[in-house]
Structure formats: C-alpha cells, structure tokens
Amino acid sequence: MYELRLNRKLTDEYFKDMPKEIRDWIVNAIGSLVVADGIVEEHEFLALREAIGMLDSREEIENMLEMIKQRKLFTVDDISVPLETASGIFFYLASIAVVDGSMKRVEGDLLKSLGPKLGLPNEFVRSVMRWAMRQMEHNKMWSQGQAKLLIERGHILDSLKQAGN
333 MYELRLNRKL
343 TDEYFKDMPK
353 EIRDWIVNAI
363 GSLVVADGIV
373 EEHEFLALRE
383 AIGMLDSREE
393 IENMLEMIKQ
403 RKLFTVDDIS
413 VPLETASGIF
423 FYLASIAVVD
433 GSMKRVEGDL
443 LKSLGPKLGL
453 PNEFVRSVMR
463 WAMRQMEHNK
473 MWSQGQAKLL
483 IERGHILDSL
493 KQAGN
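Sequential numbering of the sequence shown, starting at 333, is according to the numbering used here.
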C-alpha cells in the first residue's frame with residue numbers, strides 16, 4: 333500500500349504560523365481532495381490528521397469531520413497569498429491528491445481548480461500536475477521494491493529457522 337509522506341516541515345513549522353484564513357483555506361482544500369472521489373481511503377486519514385492539526389477549536393474539528401462523513405466538498409474560494417507560499421501549498425495538495433496511488437479525474441479537476449484560486453499561473457499548475465503523476469509512479473515502484481524486500485526478508489528468516497533445526 334502507498335504511504336503518505338507529507339512534508340512534515342510544512343505542516344509543523346510552516347503552515348502553523350500562517351494566518352488563520354490561509355490555514356482554513358488549506359484545511360478546506362485538503363477536505364475537498366479527500367472526499368472528491370466519494371471514497372475516503374485509509375491512507376487519506378493522515379492528510380485529514382494534518383488538516384485537523386491546523387484547526388483552532390473542537391467545534392471546527394467536529395464540523396470538518398461531519399463534512400467528511402457526509403462526503404461534502406468544502407468551500408474553497410480565491411485567496412491572496414505570496415507566490416512562494418502558494419507554490420508550497422499547491423505542491424503539498426498535489427501530494428495529497430495522489431496518495432491513494434492514482435489521481436482520479438475528479439481529483440485532478442479539483443486540484444487544477446485550486447491552482448488559480450491560489451493565484452498560480454496555468455503553466456505552473458500543469459507542471460505540478462505532471463510532477464505529481466511522476467511522484468505517484470515513483471511511489472508505486474518504491475512500494476513494489478519494498479514488497480520484494482519483505483519477501484526476501486521472510487526467506488532469510490525462514491533459512492535461519494531451518495538452519496537451527
């Protein structure tokens with residue numbers, strides 16, 4: 333299975349110091365990406381935990397969880413942020429969009445719509461979309477390699493057991 337390797341530096345150090353309006357925008361974007369395909373995959377829960385960590389109150393958390401439970405898309409309007417900040421946010425969201433090992437059309441369309449809302453140029457958005465697809469393929473190859481290594485590990489352990497008999 334795929335493992336979400338979100339940039340902890342962004343969520344722990346970078347996002348937490350952003351104004352509430354920007355953090356709320358990120359939370360809503362994450363929520364929408366997670367429910368966009370109508371299925372909340374197990375590995376998407378890490379993204380939701382990241383989003384919940386950006387909320388300030390129990391009420392906000394409960395509201396978010398209710399929206400997720402109902403599979404409702406969140407409101408994500410245009411927001412004014414510095415270009416460097418917008419690009420970091422968009423790469424982060426792209427990582428979330430491919431966490432389940434695929435980017436369904438609805439997820440891709442939603443992600444593409446988020447770029448302009450951050451004030452990002454279309455060519456940048458397309459480039460990040462291509463990067464996300466390559467990242468997803470890299471993650472698949474890594475996962476396949478890990479699976480082979482786990483099998484090999486099992487064989488090595490079995491040989492030790494057999495040698496001990």
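These are computed hints drawn from the structure, not numbers from a lab. Fair warning: there could be bad hints in the mix.
[As the list claims (entries may be wrong)] DSS-like, lysine-lysine: derived pairs with alpha carbons at most 30 Å apart:
| id | residue 1 | residue 2 |
| --- | --- | --- |
| 1 | Lys404 | Lys352 |
| 2 | Lys352 | Lys449 |
| 3 | Lys472 | Lys401 |
| 4 | Lys444 | Lys401 |
| 5 | Lys449 | Lys480 |
[Unchecked claim] Here are the in silico distance ranges between beta carbons for each label pair:
| id | residue 1 | residue 2 | range |
| --- | --- | --- | --- |
| 6 | Lys472 | Val438 | 37 to 45 Å |
| 7 | Glu455 | Asp409 | 30 to 38 Å |
| 8 | Glu484 | Pro351 | 43 to 51 Å |
| 9 | Ser434 | Glu394 | 56 to 64 Å |
| 10 | Lys444 | Leu489 | 40 to 48 Å |
| 11 | Lys436 | Leu492 | 20 to 28 Å |
| 12 | Leu482 | Ser412 | 43 to 51 Å |
| 13 | Lys436 | Ile393 | 37 to 45 Å |
| 14 | Gly477 | Phe456 | 42 to 50 Å |
| 15 | Glu391 | Leu492 | 52 to 60 Å |
| 16 | Asp388 | Ser434 | 28 to 36 Å |
| 17 | Ser434 | Ser389 | 32 to 40 Å |
| 18 | Asp409 | Ser459 | 20 to 28 Å |
All values derive from a computational prediction rather than experimental measurement. Think of the CB as a built atom: it goes at the ideal place given N, C-alpha and C, for glycine as much as any other residue.
Results for each hint:
| no. | hint | verdict |
| --- | --- | --- |
| 1 | Lys404 with Lys352 | 22 Å, holds |
| 2 | Lys352 with Lys449 | 17 Å, holds |
| 3 | Lys472 with Lys401 | 28 Å, holds |
| 4 | Lys444 with Lys401 | 24 Å, holds |
| 5 | Lys449 with Lys480 | 42 Å, violated |
| 6 | Lys472 with Val438: 37 to 45 Å | 21 Å, violated |
| 7 | Glu455 with Asp409: 30 to 38 Å | 23 Å, violated |
| 8 | Glu484 with Pro351: 43 to 51 Å | 49 Å, holds |
| 9 | Ser434 with Glu394: 56 to 64 Å | 30 Å, violated |
| 10 | Lys444 with Leu489: 40 to 48 Å | 47 Å, holds |
| 11 | Lys436 with Leu492: 20 to 28 Å | 44 Å, violated |
| 12 | Leu482 with Ser412: 43 to 51 Å | 47 Å, holds |
| 13 | Lys436 with Ile393: 37 to 45 Å | 27 Å, violated |
| 14 | Gly477 with Phe456: 42 to 50 Å | 31 Å, violated |
| 15 | Glu391 with Leu492: 52 to 60 Å | 55 Å, holds |
| 16 | Asp388 with Ser434: 28 to 36 Å | 33 Å, holds |
| 17 | Ser434 with Ser389: 32 to 40 Å | 34 Å, holds |
| 18 | Asp409 with Ser459: 20 to 28 Å | 24 Å, holds |
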